[in-house]
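Chains X and F are the protein sequences, given in the same order.
The first sequence begins at 1 in the numbering used here and counts up by one.
The second sequence begins at 1001 in the numbering used here and counts up by one.
Calculated directly from the structure, the hints in this document are not laboratory data.
Treat the numbers as computed from the prediction; the structure is a model and nothing was measured.
Heads up, the beta-carbon is just placed ideally off N, CA and C, and yes, glycines get one too.
A portion of the hints provided could be inaccurate.
What follows is a list of derived Cβ distance ranges for each label pair [unchecked claim]:
1. GLN1017(F) / GLU66(X): 43 to 49 Å
2. ARG1063(F) / GLY28(X): 28 to 34 Å
3. PHE1069(F) / SER70(X): 42 to 48 Å
4. SER14(X) / ARG1097(F): 27 to 33 Å
5. ARG1097(F) / GLY28(X): 18 to 24 Å
6. LEU1116(F) / SER14(X): 37 to 43 Å
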Amino acid sequence: AQSVTQPDIHITVSEGASLELRCNYSYGATPYLFWYVQSPGQGLQLLLKYFSGDTLVQGIKGFEAEFKRSQSSFNLRKPSVHWSDAAEYFCALQGAQKLVFGQGTRLTINP
Amino acid sequence: KAGVTQTPRYLIKTRGQQVTLSCSPISGHRSVSWYQQTPGQGLQFLFEYFSETQRNKGNFPGRFSGRQFSNSRSEMNVSTLELGDSALYLCASSLGRGGGIADTQYFGPGTRLTVL
C-alpha cells in the first residue's frame, strides 16, 4: 500500500526565518514525489518534483526538497520565508495513474 | 501555454439534484484526473481518463462518473447529490505516460460545489 504522512498539520514561522516541512512516504517501488502549494480558494500549484538522480531538487519560489530513501522522507525547505508563502502545502506520491496526498501542512507567517 | 481550466468555478445545488463539471486540459495532455478535496478527508482520487477510457478509479460510489472526449476535455457527473458531496473538485492533466513511468500532474483552479 502507498501512503504519505505530513506530521505537522499547522506550522507558524516568522517572516525571514527558515522553514522545513516534513513528509514521509510508504511505497514498495521507486517513488516519484511532489510538493504542491495551495492558496485559499485556489487549485494546486506544483513547487517541485523528484523522479530520480540528484536527491536535492530545486523548485520555484526558492523552495528545495531533499529525498532520503533511508528515511522514506522528502522534506521541503526554504531558507527565508516571505509573507506570501502563507498557504497549505501538500506532499504527494505518484502511485498507479494517481497521486496519493498527505493531509497537508498549513503555513502561517508572523510579520 | 494555457493551463488547466475548469468550469464552472462555483456551483450551488440541492440534495437529489445532479451536477456536471467540466475540465479542459493543457494542450497536448491526454490524461485527465479528478480529485475531491474536503476538510475532513483531504484530497482523494476519483478517477483518471486517458484517450477517452477510464484507466483508474478511486473508492467512490457509482453516483460519481466521468467521461473524456476526443479532444481530451473531460466531464464528471455526480447524480443524486448528498450534503457530503460538498467539496472542491479538482481536475489535473498530464501527458498520461502510464505504466509506472513518472508523470507530472498540473491542476486547475477547481470547482467549488455546495449542496444544500
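Checklist entry - When you take the CB atoms of ARG1063(F) and GLY28(X), is the distance between them in 28 to 34 Å? => result Holds: the Cβ-Cβ distance is about 32 Å, inside 28 to 34 Å.
Item to check | Range agreement (Cβ of SER14(X) with Cβ of LEU1116(F), hint 37 to 43 Å) | outcome: holds, 41 Å
Item to check | Supplied distance hint 43 to 49 Å, evaluated on CB atoms of GLN1017(F) and GLU66(X) | outcome: Holds, since GLN1017(F) and GLU66(X) (Cβ atoms, about 48 Å apart) stay within the stated range.
Checklist entry - Between ARG1097(F) and GLY28(X), does the C-beta distance stay in 18 to 24 Å? => result Given range 18 to 24 Å: holds, Cβ gap about 20 Å.
Next on the checklist: Tell me if the beta carbons of SER14(X) and ARG1097(F) are separated by a distance inside 27 to 33 Å.
Outcome noted: At roughly 42 Å between Cβ atoms, ARG1097(F) and SER14(X) fall outside 27 to 33 Å, so the hint is violated.
Checklist entry - CB of PHE1069(F) to CB of SER70(X), is that within 42 to 48 Å? => result holds, 45 Å
Violated hint for the displayed structure: number 4, the only one.
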